[in-house]
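Throw the hints in and build the complete structure from the sequences for me.
Residue numbers (our numbering), protein chains in the order written: chain A, -16 to 279; chain B, -16 to 279.
A few of these clues could be false.
Copies of one chain are not kept apart here, so a pair can be met inside one copy or by any two copies together.
[Claimed, not checked] In silico SDA-like pairs for lysine to any residue, Cα to Cα no more than 25 angstroms straight-line:
#1 K(-14) / D62
#2 K45 / V32
#3 K(-14) / L14
#4 K45 / R109
#5 K(-14) / S27
#6 K258 / A69
#7 K(-14) / A54
#8 K45 / P116
#9 K(-14) / R63
#10 K165 / E184
Honestly, the hints are just simulated from the structure, not real lab data. Since the model is a prediction, treat every value here as computed from it, not as a measurement.
Now for the letters of each chain:
2 protein chains.
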Amino acid sequence: MTKRSLPPLTALRAFEAFARLGRMTTAADELCVTHGAVSRQIRSLELSVGLPLTEGPRHRLKLTDAGERLAASLSGAFDRVERTLADLRSADAAELHLSCLGTFAMRWLIPRLGTFHDQHPGLRVRVTESFAPADFARERYDAAIRLTEHVPAHGGEAIAFLDNFHGPVAAPQLVNGRPGVKAFAGLPRLHTRPHLQAWAEWERHTGLSLPEAPQNREFEHLFYMLEAAVAGLGVGLSPFVYVAADIEAGRLAAPVGFVRTPAQFYLILPPGPAKPAAAAFRDWLLDEAGSVPVPS
Amino acid sequence: MTKRSLPPLTALRAFEAFARLGRMTTAADELCVTHGAVSRQIRSLELSVGLPLTEGPRHRLKLTDAGERLAASLSGAFDRVERTLADLRSADAAELHLSCLGTFAMRWLIPRLGTFHDQHPGLRVRVTESFAPADFARERYDAAIRLTEHVPAHGGEAIAFLDNFHGPVAAPQLVNGRPGVKAFAGLPRLHTRPHLQAWAEWERHTGLSLPEAPQNREFEHLFYMLEAAVAGLGVGLSPFVYVAADIEAGRLAAPVGFVRTPAQFYLILPPGPAKPAAAAFRDWLLDEAGSVPVPS
DNA sequence: TGTTCTTGTGACTTCACCTCACATGAGACG
DNA sequence: CGTCTCATGTGAGGTGAAGTCACAAGAACA
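This is the structure:
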């Protein structure tokens, strides 16, 4: 690949505008400069190319043959770039890139996305799983969903769209209808590695404490832990929204109910004007969250 | 035709170089700037396009999908312009545009051009007829041929490549073998409108004067006057080189010979570096003129 | 002949772009 | 692990390319 040797590009742009519009004055208007600037640019281009590009008297300048050919080439080239940029922008506008807690995506978001797609058939939603604090400077998302107490100031919008409640859950056959914390007596305690302090927080929030567990099991993700709870491996602590469907379906039981946490589910938007797709998603999300049942 | 909306072109160029070369440092070298400049340009382009174009850690930056597509489009566009410019330049280099005295072209230059074409098969010579003083600012020629005493200073080269001799000529049957100026007694005098003082100059140069003419005839061009002389319409005054072939062939007679004029034939080159075709023409012309016979 | 329209151009000005120097962050290598 | 290197990010500040302004020039039209 050899080094490019192109004349000054601003001169090319000025010349292309002149060729397209026929007069320097008009071209200057389009470029938001004075006619003198265009005149100089074209002259410098002729010098740099080494060929005359214009000819004729001042008040009726025409292009030389070389000028015509260059202008045709430039128009095509600029058109091409312009079209590519428009394509990129519209492709981007038609896509919503969302950074989301993995479990929330699987247990809450994805099951409900159908109505969003119905409302916005042109929009594709791309969900990327992420637990780290949202950092729009490092990774470019159109929006992020996090469970947190406080969203660090980042210049953008942050909306708490859903309260969080958590509580212990286990397979119904293990609990066996016993009421209160005694329901969990003798059951192994399930933990998630990223949030090992979760049980302690719950005990602080409720003032309750579970019977001593005969065993503790750690899982890499909340999602795996919930699968384990459903499979009867012990008692897990989960946000309500992740298990609402399982409780409804009788796959999990929550004998002591759920308690609200200080943390909430936030929709976090990057700084600057939100793109239309993100705004649409925000509206849909708030509407959808508004109709979510709250635990007893 | 709608107004163009393109991002800053220098940013596009920087981005294209980066995309092509893979690293900002290398791109900066190609563009003869520092890496910082390229970094800033690419950042400003991302801002102006509204899309991220690069991603990944600093030391191993990659293009995003959007970046790849834009880069491909830009490469194509720049290639196209570059190729057009190269075509224009080579087409121009293969052509020699010569501004020449019409009669000189017809009577001297064109008959000899064959050997020039033999020596430079790739070069096309375009001859434009012109009598006005050479003015490269108004009209773009690669070279001009003029008959003059002094070439006005114009910043370029001017080479006297051929001395000029002039003298009266007429059809041989009119002259009828008589010697000296008496040969022309009773013949009409032929003039050219652009140079009505020619006869007076000749008389001054030679100290001779022709017998009173019964008639004067004016022609628009020297070329027409020579045709008239050959046709026997009278006695004309002509530079030697224009009639050498006619005298040789016996179509014209020059009973009093030719006298050198202060004016010479000049090859005049425009200011600035001569293009190769013009240099080749100059060399050929000097060589060709060196072997021209001088009148007695 | 004067008026208007358009481009060319000398003199001056300014801000876009560049450079410099340092910071940052990720590998690589003892 | 600490340090070295390599590539890019960035704040501060300098400068020349490119623009502005005002006037000149040249052609057309009334």
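>> Run through the hints listed earlier and report the numbers of any the structure violates, in increasing order.
In response: none
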